[in-house]
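Line order of the protein sequences matches chains P, S and H. Its first residue numbered 1, the first sequence is counted upward by one per residue in the numbering used here. Its first residue numbered 1, the second sequence is counted upward by one per residue in the numbering used here. Its first residue numbered 1, the third sequence is counted upward by one per residue in the numbering used here.
Please keep in mind that the hints were generated in silico from the structure rather than gathered at the bench. The structure presented is a predicted model; accordingly, all values stated were derived computationally and were not measured. Keep in mind that a hint or two might mislead.
Below are the DSSO-like pairs computed for lysine-lysine, each with C-alpha atoms no more than 30 Å apart in a straight line [to be verified]:
id : chain 1 : residue 1 : chain 2 : residue 2
1  : S       : LYS143    : H       : LYS100
2  : H       : LYS140    : S       : LYS143
3  : H       : LYS100    : H       : LYS140
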Amino acid sequence: MHVPDGFINAPVSAATGLVAAGAIAVSLRGARRELDERTAPLAGLVAAFIFAVQMLNFPVAAGTSGHLLGGALAAILVGPYTGVLCVSVVLLMQGILFADGGLTALGVNITDMAIVTTVVSYALFRGLVKVLPRKRRSVTVASFVAALLSVPAAAVAFTLIYAVGGTTDVAVSKVATAMVGVHVLIGIGEAVITALTVGAVIAVRPDLVYGARGLQQRLKLRVGGELVDAPAVAVPVAARSSHRKVWITGLVTSLVLAGFVSFYASSNPDGLEKVAKDKGIDTRTGKHATGDSPLAGYGVRDISDARVSGGLAGVIGVGVTVVAGTGVFWTVRRRRTSDTSPASVPEGV
Amino acid sequence: MGAGHAHRLYRHGHSPVHALPPHTKLAAAFAFVVVVVSTPREAMWAFALYAVLLAVVARQARVPAGVLLKRLLIEIPFVAFAVLMPFVAEGERVDVLGLSLSVNGLWGAWNVLAKGTLGVAASVLLASTTELRELLLGLQRLKLPPLLVQIASFMIRYGDVITDEMRRMRIARESRGFEASGVRHWGVLAKSAGALFIRSYERGERVHLAMVSRGYAGSMPVIDEVTASRAQWSYALALPFAALAVCLLGWTL
Amino acid sequence: METPGGKTGELSAGKHGEATAGAAGGTDGVPVSLEVSGLAFAYPDGHQALFGVDFGIGRGERVALLGPNGAGKTTLVLHLNGILTGGAGTVTVAGLPVGKRHMAEIRRKVGIVFQDPDDQLFMPTVREDVAFGPAAAGMKGAELEERVHAALEQVGMAAFADRPPHHLSFGQRRRVAVATVLAMEPEILVLDEPSSNLDPASRRELADILRSLDVTVLMVTHDLPYALELCPRSLVLSDGVIVADGRTGDLLSDEELMRTHRLELPFGFDPRSVTMGA
Numbered sequence: 001m002h003v004p005d006g007f008i009n010a011p012v013s014a015a016t017g018l019v020a021a022g023a024i025a026v027s028l029r030g031a032r033r034e035l036d037e038r039t040a041p042l043a044g045l046v047a048a049f050i051f052a053v054q055m056l057n058f059p060v061a062a063g064t065s066g067h068l069l070g071g072a073l074a075a076i077l078v079g080p081y082t083g084v085l086c087v088s089v090v091l092l093m094q095g096i097l098f099a100d101g102g103l104t105a106l107g108v109n110i111t112d113m114a115i116v117t118t119v120v121s122y123a124l125f126r127g128l129v130k131v132l133p134r135k136r137r138s139v140t141v142a143s144f145v146a147a148l149l150s151v152p153a154a155a156v157a158f159t160l161i162y163a164v165g166g167t168t169d170v171a172v173s174k175v176a177t178a179m180v181g182v183h184v185l186i187g188i189g190e191a192v193i194t195a196l197t198v199g200a201v202i203a204v205r206p207d208l209v210y211g212a213r214g215l216q217q218r219l220k221l222r223v224g225g226e227l228v229d230a231p232a233v234a235v236p237v238a239a240r241s242s243h244r245k246v247w248i249t250g251l252v253t254s255l256v257l258a259g260f261v262s263f264y265a266s267s268n269p270d271g272l273e274k275v276a277k278d279k280g281i282d283t284r285t286g287k288h289a290t291g292d293s294p295l296a297g298y299g300v301r302d303i304s305d306a307r308v309s310g311g312l313a314g315v316i317g318v319g320v321t322v323v324a325g326t327g328v329f330w331t332v333r334r335r336r337t338s339d340t341s342p343a344s345v346p347e348g349v
Numbered sequence: 001m002g003a004g005h006a007h008r009l010y011r012h013g014h015s016p017v018h019a020l021p022p023h024t025k026l027a028a029a030f031a032f033v034v035v036v037v038s039t040p041r042e043a044m045w046a047f048a049l050y051a052v053l054l055a056v057v058a059r060q061a062r063v064p065a066g067v068l069l070k071r072l073l074i075e076i077p078f079v080a081f082a083v084l085m086p087f088v089a090e091g092e093r094v095d096v097l098g099l100s101l102s103v104n105g106l107w108g109a110w111n112v113l114a115k116g117t118l119g120v121a122a123s124v125l126l127a128s129t130t131e132l133r134e135l136l137l138g139l140q141r142l143k144l145p146p147l148l149v150q151i152a153s154f155m156i157r158y159g160d161v162i163t164d165e166m167r168r169m170r171i172a173r174e175s176r177g178f179e180a181s182g183v184r185h186w187g188v189l190a191k192s193a194g195a196l197f198i199r200s201y202e203r204g205e206r207v208h209l210a211m212v213s214r215g216y217a218g219s220m221p222v223i224d225e226v227t228a229s230r231a232q233w234s235y236a237l238a239l240p241f242a243a244l245a246v247c248l249l250g251w252t253l
Numbered sequence: 001m002e003t004p005g006g007k008t009g010e011l012s013a014g015k016h017g018e019a020t021a022g023a024a025g026g027t028d029g030v031p032v033s034l035e036v037s038g039l040a041f042a043y044p045d046g047h048q049a050l051f052g053v054d055f056g057i058g059r060g061e062r063v064a065l066l067g068p069n070g071a072g073k074t075t076l077v078l079h080l081n082g083i084l085t086g087g088a089g090t091v092t093v094a095g096l097p098v099g100k101r102h103m104a105e106i107r108r109k110v111g112i113v114f115q116d117p118d119d120q121l122f123m124p125t126v127r128e129d130v131a132f133g134p135a136a137a138g139m140k141g142a143e144l145e146e147r148v149h150a151a152l153e154q155v156g157m158a159a160f161a162d163r164p165p166h167h168l169s170f171g172q173r174r175r176v177a178v179a180t181v182l183a184m185e186p187e188i189l190v191l192d193e194p195s196s197n198l199d200p201a202s203r204r205e206l207a208d209i210l211r212s213l214d215v216t217v218l219m220v221t222h223d224l225p226y227a228l229e230l231c232p233r234s235l236v237l238s239d240g241v242i243v244a245d246g247r248t249g250d251l252l253s254d255e256e257l258m259r260t261h262r263l264e265l266p267f268g269f270d271p272r273s274v275t276m277g278a
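Isolated chain P (complex conformation) (with noise of 0.2 Å):
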C-alpha cells in the first residue's frame, strides 16, 4: 500500500503531510504518558516487528500477495500514541532507507498506514476488552477483532486520499474495489498474525502489553518464614465506567452491522457501475504476485464491483464513526488519566 512520489497530487501530499504531522505531534505528547524507560525500547521494538512483517508477503487469492501493516499490533501493544509513532518511523526508515514509499508521500503513507489503522484498531481493541470478560483471552480475541478491521479502514483512508488527490485516472471505484476487495483478506492475515503475538506476549511477558495493564496482583514479605501481605502501593487503576461501556457496545454493534450487512445489502448494480464494467477491458488477467499495489486486486475479478462498491458507502461510514468515536473517547480517557496520575513524566523524553 505504500505510495510512491507523485501519485497522489501535490496539495493533497502536502494536506495529508500537515495532518501526519499534527497526528505525530499530539502522538509525541500523548506518549510520554505511555512510555516510561522500559517501554521505550519495545517501541523499537514493535517498529522492527512491523518493518519485519511488512516485508513479509503472503499470498491472498489468485496470485495475488499483500502485507501487513501493523498498526493494530503497535497500538495493543505500546499504545496508541506510541503506535503512531512507531508505524511512522517504519515509514519513515522505509522511505529513506528502501526507497519503499515516496518521500513527498510520506504524508500520504502516514496517514493511511499509521494513523488510521491505529486508531481504528485501538478503539475497536479498547471497545472489546470493556465489554468482553477481564481475562486474558478477552485481549487476544479483541486484538483478532481490531486487526482483522483496520487493514480494510486503511484501505478505505487510502480510496478516500485517492479519490480527492490521485493524479491518474483510475475510477474511484475500480480503486475501492481493488483496494478494500483485497485488504478484506490482508486483514485475516493481519488478526491472525496480531491475535497470536499478542497471545504469546501476553502469556510471557504480560506486563509488556499495553492493553492489558492493570492485572497486577499483590506483594508478600516473607517475615520469618510466613508470608504477610505487604503494605500496597497505589497504583491507579481506571474505573470502568458503565455508560461507557454501554456506549462502546453500541458503538462496536454499529461498526459491525453498517460494515457487514450494507456488504451484503447492495447487489444491484447501479447504471454508472454497469456502463463502466461493460466498456472496461477485461482485466482477469491477474498473474501478477504484488498485492502490495493499489491495483492488486484488478488480477482478482471484476465481477463483485457493484456490491463492494455499494458496501463501501458502509465501509466509510464506520471509518467515519470510527474515528468520531475515538475522538470522544480519547477525550474521556485523557480527563481521567490526567486526574489520577498528573506527574508520570517520564524523563527519557
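Please arrange chains S and H on chain P, whose structure you already have, making use of the hints.
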C-alpha cells in the same frame, strides 16, 4: 551489538558524497524529491535532466550504475501498476498497435513512473552513501523529535536481533522438515511471529538496561560533534538547486 | 581488614532481620554507601522474586552477594539503580533514596557491570563505549577524553581504545565493561557474576583490577572461591530474602547453611585452608 553500524544498503567508500555530514544529505535528498514531484508531467525533458543530475551524483559517490539499477527494482510493484494504468483508466482513448489505450492513463503512467523512479533513485543514493548511525544523527540534527529518533534507533538495533532470531528459528523449523509453501502453513508462521517477538525483546532488553544504567535518558549522547560547514551545505544543496532551476524552466517553457 | 557488618558473625537463618539491621546501623562512623530495607518485588506476570530484603553496605567495603540460581539476585541488582521499582521497601544510595526524583544522580552513583559484556558494549569502538556514560551526563571535550583514558588505564585496556569491542577477547570485553562503569566514577560498583565464562588467567587479572580499585563493591555471584578471594563479607540471598550475613570464610565453612541454600563449593575446595588476600 557488533552489527548495526553498517547496513546492507550502505556501500563503504571515501567519496566526497560519503564525507558530507548526514543532515546535509538528508536535506538535499528530500528537497530534490520535492522539486521533482512538483514538476509538470508534460515537461518530459526535465525528467531526463533530473536523471542526469542523479547520474552525476552517483558518479561523484562512486556508486556503480549496476548497483543503482539493481536497487531500483524495489519499485517493481509500481511499474506494474503504471503499465496497467493505460488499460484501466477512463477518458479519451488512442489505438496503439491495435490496443485501445487511455490517453490520461498513459500520462498518469508516465507521471508515476518518472517521479517514482527519480524518488527511489535519490533514496537509494542516500542510503548507499550514509551509514545508519549517521542517518539517525542527521535526523536528530534536522530536529526530528528525539522520541522518534529514539524509536528509530531502537528499531534498527532490534532489526539485527530479529533477523538473527528469524534465521535461527527458520533453521530450526527446516531441520525438522518444515517448509512454508501455502495457506496451510500460515498457522506455523504466525505462531513463529509471537515467539520471535518475545525472543527478540528479551535479547534487546538487556542491552537497553545496560544503557539506562549508564545514564541513557532518551537520546544518544553526542561524543563526536558533527557540524556542517557552509561549503558542505552548498555542496550538498547543489543538487536540489540545480533541480529547482530545471523545474522552473519546466513550468515556464 | 575490619568489616563493619562482619563483626556480628550472624549466621542463623531465622534472625536475619536483626542481623542485617545490626550490619547496616552498626557501621561505627563509616558512612553507608548502600542501604536496602524491606524490598519486595513481583513481576507483572505474578511471579514474586523478592520477599523483603534488608542489608547495608559501608563505604569502601567489598561484599559478595551469594545465592543459587533463581534466588532473585539479578532482580535485586536491577533495584539498586531504579530500573525496577514499584514494589514495597526502599533502596538508599549514599543517603539518596532511589526514585524518580534523583534517578540521574542515582544512575551515576551506582555502576552496574552486567553479566554479559556483549549487552553492555553497544557502541562501535571501545572509546565511544566508555565515553557513553559520562557523555550522557553532559561531559564533553578534553575532560571527557581524560575520563575515558583514566578508566581504560584502570583496567589495563588503554591500548585498545579505538578497537571495536566485538573484536576483543571475552576477558578483555569484561574489563572494558568494567571501564565503562568506572568512567562514571560511581559510589558503588555492582558486578553481576563477574567471573562467569572467564579462563583462569582472565579471572586473576580481573581480581587484581577489582582489588586495586578504591570503590565500594557489591559482587553478585555463585562463584564461591572468587567471593572468598575478593570479599571479606558476604550476604546469602535465597528465595527472595537475605538468610545470612557475615564473614565470607565463616559462611562458606558452615556446611549446613551452604547445603540448605544450594550453594556448593568446588570439589576439594576447603575455605578454611585459604588465607584471604584482602
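- Message: Need the list of violated hint numbers for this structure, in ascending order.
- Response: When the structure is compared with the hints, none of them turns out to be violated.
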